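Enquirer: Each chain, letter by letter, is given below.
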Amino acid sequence: MAVEKLELLILKILALGAQHGYGIGQRIEQISGGALRVTLGSLYPALQRLEKSGLIDAEWKASDNNRRARYYRITAEGRRRLAADQKEWDRVAAAMARILKAT
Amino acid sequence: MLNGLRFRWRELWQRGRLDREAQAELDLHLELAAAAKVAEGLDPAEARRQARIELGDPEEARDVLREARTGQWLDTLARDAALGLRLMKKRPAFTAVSLVSIALGVAGSTSLFAVADAVVRKPLPLPDPSALVRIYDSNVAKGVQGSGVATANLVDWRRRVHRLRGIGGHYTMGRTLTVGEESEVVLTAQVTEDFFPLLGLPAAVGRTFTAEETARSVFNVAAAPTGADPVLVLADGLWRRRFGADPGVIGRIVLLERRPFRVVGVMPPGFAIPDPDVQVFIPWGLEGDEPRDQHYVSAVARLAPGATLRQAEEELEQVARGLAEEHPRTNEGWTASLVPLQDDIVGDSGRTLFALLGAVALVLLVACANLGVLSLARGLERAHETSIRLALGATRGRLLRQYFTESLLVCAAGGVLGAFFAGLALAVLKRTSAPVPRLHEVAFEPRAVLFALMATSVAALVAGLPSAWRRAHSEAAPTLSAAPARVAGGRRRHALQDALVVAEVATTVVLLASATLLVRSYHRLQSVDPGFDPRGVVVAPIFLDMEAYGSGDKSRAYYRTLIDRLEALPGVVSAGGATALPASPLGPDFERPVWPEESPSDESVRRPVWVRMVTTHYFRTLGMRIVAGRDFNEGDAPGADRTVILGQSLARRLWPSGNAVAHRLMVDYSTSGIYPYQVVGIVNDVRFGGPRSDPRLEIYLPHAQRPYLVMNIAVRGTGDPRLLIAPVREVLHEIDPRKPAHAMQALDDLVGATYSRDRHVMAVLSAFAVVAVLLSLLGVHAILLHRVRERTREIGIRIAVGADDARLLWWIAAHGLKLTLAGVMLGGLLAAASSRAVSALLFGVGLTDPAAILAVAALPLVALVVSLHPAWRATRIDAAEVLRAG
Numbered sequence: 001m002a003v004e005k006l007e008l009l010i011l012k013i014l015a016l017g018a019q020h021g022y023g024i025g026q027r028i029e030q031i032s033g034g035a036l037r038v039t040l041g042s043l044y045p046a047l048q049r050l051e052k053s054g055l056i057d058a059e060w061k062a063s064d065n066n067r068r069a070r071y072y073r074i075t076a077e078g079r080r081r082l083a084a085d086q087k088e089w090d091r092v093a094a095a096m097a098r099i100l101k102a103t
Numbered sequence: 001m002l003n004g005l006r007f008r009w010r011e012l013w014q015r016g017r018l019d020r021e022a023q024a025e026l027d028l029h030l031e032l033a034a035a036a037k038v039a040e041g042l043d044p045a046e047a048r049r050q051a052r053i054e055l056g057d058p059e060e061a062r063d064v065l066r067e068a069r070t071g072q073w074l075d076t077l078a079r080d081a082a083l084g085l086r087l088m089k090k091r092p093a094f095t096a097v098s099l100v101s102i103a104l105g106v107a108g109s110t111s112l113f114a115v116a117d118a119v120v121r122k123p124l125p126l127p128d129p130s131a132l133v134r135i136y137d138s139n140v141a142k143g144v145q146g147s148g149v150a151t152a153n154l155v156d157w158r159r160r161v162h163r164l165r166g167i168g169g170h171y172t173m174g175r176t177l178t179v180g181e182e183s184e185v186v187l188t189a190q191v192t193e194d195f196f197p198l199l200g201l202p203a204a205v206g207r208t209f210t211a212e213e214t215a216r217s218v219f220n221v222a223a224a225p226t227g228a229d230p231v232l233v234l235a236d237g238l239w240r241r242r243f244g245a246d247p248g249v250i251g252r253i254v255l256l257e258r259r260p261f262r263v264v265g266v267m268p269p270g271f272a273i274p275d276p277d278v279q280v281f282i283p284w285g286l287e288g289d290e291p292r293d294q295h296y297v298s299a300v301a302r303l304a305p306g307a308t309l310r311q312a313e314e315e316l317e318q319v320a321r322g323l324a325e326e327h328p329r330t331n332e333g334w335t336a337s338l339v340p341l342q343d344d345i346v347g348d349s350g351r352t353l354f355a356l357l358g359a360v361a362l363v364l365l366v367a368c369a370n371l372g373v374l375s376l377a378r379g380l381e382r383a384h385e386t387s388i389r390l391a392l393g394a395t396r397g398r399l400l401r402q403y404f405t406e407s408l409l410v411c412a413a414g415g416v417l418g419a420f421f422a423g424l425a426l427a428v429l430k431r432t433s434a435p436v437p438r439l440h441e442v443a444f445e446p447r448a449v450l451f452a453l454m455a456t457s458v459a460a461l462v463a464g465l466p467s468a469w470r471r472a473h474s475e476a477a478p479t480l481s482a483a484p485a486r487v488a489g490g491r492r493r494h495a496l497q498d499a500l501v502v503a504e505v506a507t508t509v510v511l512l513a514s515a516t517l518l519v520r521s522y523h524r525l526q527s528v529d530p531g532f533d534p535r536g537v538v539v540a541p542i543f544l545d546m547e548a549y550g551s552g553d554k555s556r557a558y559y560r561t562l563i564d565r566l567e568a569l570p571g572v573v574s575a576g577g578a579t580a581l582p583a584s585p586l587g588p589d590f591e592r593p594v595w596p597e598e599s600p601s602d603e604s605v606r607r608p609v610w611v612r613m614v615t616t617h618y619f620r621t622l623g624m625r626i627v628a629g630r631d632f633n634e635g636d637a638p639g640a641d642r643t644v645i646l647g648q649s650l651a652r653r654l655w656p657s658g659n660a661v662a663h664r665l666m667v668d669y670s671t672s673g674i675y676p677y678q679v680v681g682i683v684n685d686v687r688f689g690g691p692r693s694d695p696r697l698e699i700y701l702p703h704a705q706r707p708y709l710v711m712n713i714a715v716r717g718t719g720d721p722r723l724l725i726a727p728v729r730e731v732l733h734e735i736d737p738r739k740p741a742h743a744m745q746a747l748d749d750l751v752g753a754t755y756s757r758d759r760h761v762m763a764v765l766s767a768f769a770v771v772a773v774l775l776s777l778l779g780v781h782a783i784l785l786h787r788v789r790e791r792t793r794e795i796g797i798r799i800a801v802g803a804d805d806a807r808l809l810w811w812i813a814a815h816g817l818k819l820t821l822a823g824v825m826l827g828g829l830l831a832a833a834s835s836r837a838v839s840a841l842l843f844g845v846g847l848t849d850p851a852a853i854l855a856v857a858a859l860p861l862v863a864l865v866v867s868l869h870p871a872w873r874a875t876r877i878d879a880a881e882v883l884r885a886g
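So the protein lines, in turn, are chains W and G. Read in the numbering used here, the first sequence has 19 at position 19, and its numbers run on one by one without any break. Read in the numbering used here, the second sequence has 200 at position 200, and its numbers run on one by one without any break.
Keep in mind that a hint or two might mislead.
[What the hints assert, rightly or not] Here are the simulated lysine to any residue pairs, SDA-like style, with alpha carbons at most 20 Å apart:
hint, chain 1, residue 1, chain 2, residue 2
1, G, K122, G, G423
2, W, K5, W, G34
3, G, K430, G, P276
4, G, K37, W, K87
5, W, K52, G, Q14
6, W, K5, W, S63
7, G, K37, W, A35
8, G, K142, G, E597
9, G, K37, W, I28
10, W, K61, G, R20
11, W, K52, G, E315
12, W, K52, G, Y675
13, W, K52, W, A15
14, G, K37, W, R37
15, W, K12, W, A35
16, G, K37, W, A93
17, W, K52, G, D736
18, W, K52, G, R66
19, W, K61, G, K122
It should be emphasised that the hints constitute simulated quantities derived from the structure, not laboratory data. These numbers were taken from a predicted model, which means no experiment stands behind them.
Next comes chain G alone, as it looks inside the complex (with noise of 0.2 Å):
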């Protein structure tokens, strides 16, 4: 047996010197044979030609020893490829098409592989990431699902809940952070105790919080935290930005919102947690006196060794019962739910991503299934070579072999270069600001390389294989007996042909209606209404600090002079502010339990609403209708009585019979007690997450008599409103130097940004089915054109018997019709039945939208306008001349 092996060793690596030895070893037996035969009495060369007649040919042995051997087929790989080179050359446009197809698919779907791959399947990067949990809060009968959790019911989780081990709270805003004398607002997070420890991941340099530091800082106001020698931890990317990746910066001192914090430690770079985006963390005592009826606090939490996600749930939810019993008027119908970490980050974009995928695998198809088209067409032009070639004597497998290893070599050079596109689009990708979570851990790792190299594998069977076998597998004899270009065409011949350019429409249609049902989608969005006019607006959030605006009376003069001055800017039509604006992500955001006065104050009528403190004017600003009673006005002051403005929904729900104005809404602002307000107007629904979101149940109140630090700003003006962008940062910069302008930016912008997903993906697939539109007429045209050229003789005769130009035109414009046609009703069913990968991005358009219905019924028209040309190709030949050459 080992010596089987060894000779199966020398025939992979020494194959030079077993073709030598082969050769010594026939010479050596001929000289031997004719050595015998002149001891036998014949003269030298006469025995030599008598050897040579009874052994046979000694080179056919040795070709035949040397095919029989295993790695033979090396060296035949290598003359076929140096074959498909010289062919290559030969056509530079057919192989300049088929490289660009084949290394545009694979980039393509290399480089959203392995997006795809890090966002979905990658574990996050921290210990045991499968462990680690989110918690919402939900309660059924107020409609609430999946919000945040209160931070008095937390401390009580942490207690209670044993199959947690850990329950870690984080709330993330933006505050001012001063190194030296610049001032810049950072996205901060402030964290409890488990926090850090439950993630597991320790500092890079420094530490995390102590449970000590946690403990002292206490908040009494969303701004920075009260209590002695306040610590915090920086993100890697602030310490290597502002700090030059100094080591030495632990224990240095910086201001956050003006007070000096000292910095204990720096994370690792890719820790995402809240946000990619925090960049300072700061400790966050909850132990004392807490709300439990306000649910804004993020919560992460680990399983226990041993404990599942399901139990864990089912105990949570036990306490969170417990809790509801001891505190019902807080908790009443309050409880808690787990999702996975992961889960929680990726959301939904894994079906968008493999959406995604999908289609740019269909484009990798259709693009092959063209060169298979293209390659075939051509393949039967050189039926003649073929022939000869079996006349000779070539077996089928070898000649399949060297027509594959032509089409082989293409892909491999294209799924090289393919590969080479996808690293840098990914690197690209990284530097945009594209809808993706987790897109910093996105990296071209050796899972896409080998998903490039199947990929291109795939390409080459289905461009090389059909014209491949087809070719090796043509007559021998009739294509021999007639001149190439005169060969009829037998049905059969053809099949694999047309059956290609009908997968390739069919697919085609695919992507086309998917695409053409995203764009109406993205129209769709786009003309909602979303009960405020962005236009002409720009916003952005302004974080006063407790040391410096601790009071009310200097918040309210703050804004007032900000409004004031703002609106003084020439070409500033309006001014106002609000807690938090719609589509803007940053500002305090809460929801406090609302209820009509004259209503008995049970639990049944108590009612979580959205809050907002909106400034005089913000309604105007943002182009919001009173719908009934008045906007708020100088009148609403401080020592005046309560006032409040309902979203219509709200109005509707409290009052059903009619006109809420004049009525008192009770508000349990908890921290300060429950007071009556009086409802002075109504103001229309907006749709605050953006076009894709429904509107909420909202109530307003004044700024002047609630004050808040955090404001966001928002200001109209008559033309574009990025131009108001430096005027509005020089007010901010001449009222307060400390306070700088933070992300402003149009609310346009921030309004699509809150369907960019949508407009990303209608604008991928819209390329993609443009190609594969392409493409499959490209195919189309070429099979046509193929047609002609092989029936250029029955053609001929057809024009000599009488055909005139219409029929003919027809009669090969039919042909491509008829493919057309079957490829577009393939396609409607693999349409029809990948419907639900489509159905889930689209935003009010049903699957059987008639644009997406009439753009591929548009496909066979448009094929049949492209047909004409090879059509028209078939009325110009010269039957004359056809008929003389036969």
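Same shape as in the complex, but just chain W (with noise of 0.2 Å):
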């Protein structure tokens, strides 16, 4: 579950926008306010699998400061994706809110 949970994080924010590996652990953690934090071992991986599944796409580029740098975009059916787990995930979320506040 947290695996899935990290590559829906990691589909919405290429969502906003190509990013590299870096970026993308930045992101995740200034949205979260500090609260979530990536590491190598797991941030890596999951990318791979993404790309594997063809829900990304990547790309060597020349970053900001002139590095060259793996730049990640999301593929059409990245966002099919994206989209449909995001549903998903608000379904659950609300019906976990539901049933925590029951109790």
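Two chains, each in its own frame: build the complex with the hints.
Expert: Shown next, in the form of structure tokens:
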């Protein structure tokens, strides 16, 4: 579940624009307000899995400070998956919230 | 989706690059993180340290990435293989045994598969071979089944049966071919008009016969055709051997039986109808007044397009019934049936081959199970290593893969070696005269390679998987706490080993029982009295020709002189001749209707019997007994009363009440009329086709009264008959240099050849059984030795508390006995289940033959003896030392 959640987060971030690995890690940390921090050992395998299933695509490009970095971009299929998973996530989260409130 | 595919592609083919890219990516990530910290005010070294702590070890991340990639297994495989190679070098004996047993198993099964595949499955190398059929005549009332057909009937069938597109007749016989000054006897086939067209294979050089050439080639005696400008077609083998494969041979004149023949064509290599040994084809015109009751012609036909075998057969039967009404005297009761040509050629060899293939597969299984047992024992000894690696965090899957790779390596090497041996074995086999039809078509084809691959895979699974699985699943903790040699064995740990040994023994039992039955069957065949004594006799067919020996007087004179000269040779006891000899494939052999003179000459009493022309001294030479009356003598001359000697069965059948001698027998000798023959003697029955055949109904006529051009001569000497071959050849050459000897052989060898398949199958299966027995004993031995080694401590304690040697011996040996007995019982069931495959090959031996049961029962006893060695080792254990070490 944890892995899948990470993959969902990566897709969400890439939906906002292409990004290299470090950037993705930074975004997750920033947006979560420092609550979520990813390690190399979890981030890159997740990226590899996403690339392997064709949800994201990667390309070597020059970065802002002119370093060559591998930029990840979400594919059309990635967007479809993101939409579906996000809906599912919202549904589960809402259900969880209702259950937790009830008790 | 396409992107996903691209990644997968790179995974497989650009592993190094992916790895470098990942490294660069991770480095950059760390660098950027550190740079961010430097910007916050940390010094570079500290920033780098903190980034590493926060982000985790990049090396580990890289390993995880690498492991997750497909294609990674290739790297692992290479590492495991390297380790396997090192281990193989460390234990050369075990490796050699494994390699050799798998190589031999794969070689044996693959070569047998290749043979069986070529013989049974491969279609005949002719256009649309499935439509080709052979025609057999039968007559239920006369007890005749599967005989040849009669020429005049064949001519009528050709006209009236429309569901057969062409019916070809052929008849094979030896004839003397003279090219230049050199004469030799070659096997020739005279073939009718439809023969070549219906088979559909054109000549490789020149052409086959025209209808006109066939029509003018009329035979009056079975020697050479009359008619002007005779022509012939050569087989590929003779063309290469005698004419150096010269295409200019077309139009050349060669002599066949002293008559000039013009060569018009050469058949392509591999053309083997009617027989791969036939070297010359000559045309044969059937039109004209031909007899309908001489069933000696072989016939092939091709089904008309759209017609099924059943439909064609129905039409043929209907036509045969019509002919029986038109010609009741000759055709009453005769009908014809069809057999697919391929089935006819292959016969029951397929069954034999598959029985052998099954046997060799069993041997392969035994060999693999044995390797499985040996490596299991070894694996348990290396359990300590497994424990450590498990404790260090290796996954069981990873260990299973590594251990399996170890045995896979040996199997792969064995498989390659085996495939190589198989190719070699096939090459050798094709040069032998193994009794296998279509042997010349056998080749090491892709299907055989595929089979070798499959056999190797199965071998690898059986030999490697049990031990790899067992080893990968041994416990981590308990073994770690104890030294390796003193591991206490649990019951479950050995179940797999025991099961393998039981399976091994069971398989061996099946092979052993089958082999014993075949050996018994073979001895039974050898001890059958064939009705003649082949020992000390050498035989040779003589083919005289019409040109030089056309008249009866000349042929009579030739054989008279020949026999006299042969009997004058030193070391010769007697000599004689007959148109056809028992167990000899060459020479005219035919049936004629006969009946007692006193019975009314209606159809019901006419009985076809085999007719043989024999010289005086023939019966004496073959060691046959005159049971009543007399032998032929000089008095049975051309002008004298026609005489006949009957076979015992026929005499009993025709005159059941008493002595046939002094009665007269009518013989319908169709071409030359019906005459009464005076019965002068009765001779014992012979098994004409060898010990496997039943005696036939036979009559013998004196050659002097019925001269024949083709005779088989037999010469009985006092010593080794092979020593007579040279002097006999010399005599033949002196009498007529143009009539060379052909295929001179010891009669013993010819008789042996009639059951050479039995001999081959017996020899092969016996070898298999011996190998299987040795392997199983090795397996039992290994498992017990392992047991002793593993339980050194327990045995030490037993000795310390007073167990004597006998008790210890029994304790170890009993385990071996238990396993063997279980195997024997299981094997007995398997043998019973597979008995049908074997019983078809047996002669005069039941499946419950006492010898087979005895051989199987002896197996546990032998195993017991073998198990004494490990048991003895147990008694040598030094209790004091063991206890001190503990």
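Enquirer: Against this structure, judge whether each hint is valid.
Expert: Structure-based check of all given hints:
A distance of roughly 18 Å separates the Cα atoms of G/K122 and G/G423; the hinted pair therefore holds under the 20 Å criterion. For the proposed pair W/K5 and W/G34, the alpha carbon gap of about 17 Å is at most 20 Å, so the pair holds. Straight-line distance between C-alpha atoms of G/K430 and G/P276 comes to about 13 Å, which keeps the hinted pair within the 20 Å bound. A distance of roughly 37 Å separates the Cα atoms of G/K37 and W/K87; the hinted pair therefore is violated under the 20 Å criterion.
At roughly 14 Å between alpha-carbon atoms, W/K52 and G/Q14 fall within 20 Å of each other, so this suggested pair holds. Among the hinted pairs, W/K5 with W/S63 is inconsistent with the structure: their alpha-carbon atoms are about 27 Å apart, more than 20 Å. Between G/K37 and W/A35 the alpha-carbon distance is near 18 Å, which keeps this suggested pair within the 20 Å criterion. Proposed proximity of G/K142 and G/E597 is supported: the alpha carbons are some 19 Å apart, at most 20 Å.
Our distance criterion of 20 Å between C-alpha atoms is met by G/K37 and W/I28, whose separation comes to about 17 Å. Taken as a hint, the W/K61 and G/R20 pair is honoured in the structure, with Cα atoms around 16 Å apart against an allowance of 20 Å. In summary, the hint linking W/K52 to G/E315 is not supported, as the alpha carbons are separated by about 68 Å, beyond the 20 Å threshold. In summary, the hint linking W/K52 to G/Y675 is not supported, as the alpha carbons are separated by about 97 Å, beyond the 20 Å threshold.
This hinted pair checks out: W/K52 and W/A15 have alpha carbons roughly 18 Å apart, not beyond 20 Å. Pair hint G/K37 plus W/R37 holds up; C-alpha atoms about 15 Å apart against a cutoff of 20 Å. For a cut-off of 20 Å, the pair hint linking W/K12 to W/A35 stands: about 17 Å separates their Cα positions. For the proposed pair G/K37 and W/A93, the alpha carbon gap of about 35 Å is over 20 Å, so the pair is violated.
Restraint check for W/K52 and G/D736: not satisfied, since their Cα atoms lie roughly 89 Å apart, outside the 20 Å limit. Proposed proximity of W/K52 and G/R66 is supported: the alpha carbons are some 13 Å apart, at most 20 Å. Pair hint W/K61 plus G/K122 does not hold up; C-alpha atoms about 61 Å apart against a cutoff of 20 Å.
Going down the numbered hints, you'll see the structure goes against 4, 6, 11, 12, 16, 17 and 19, while the others check out.
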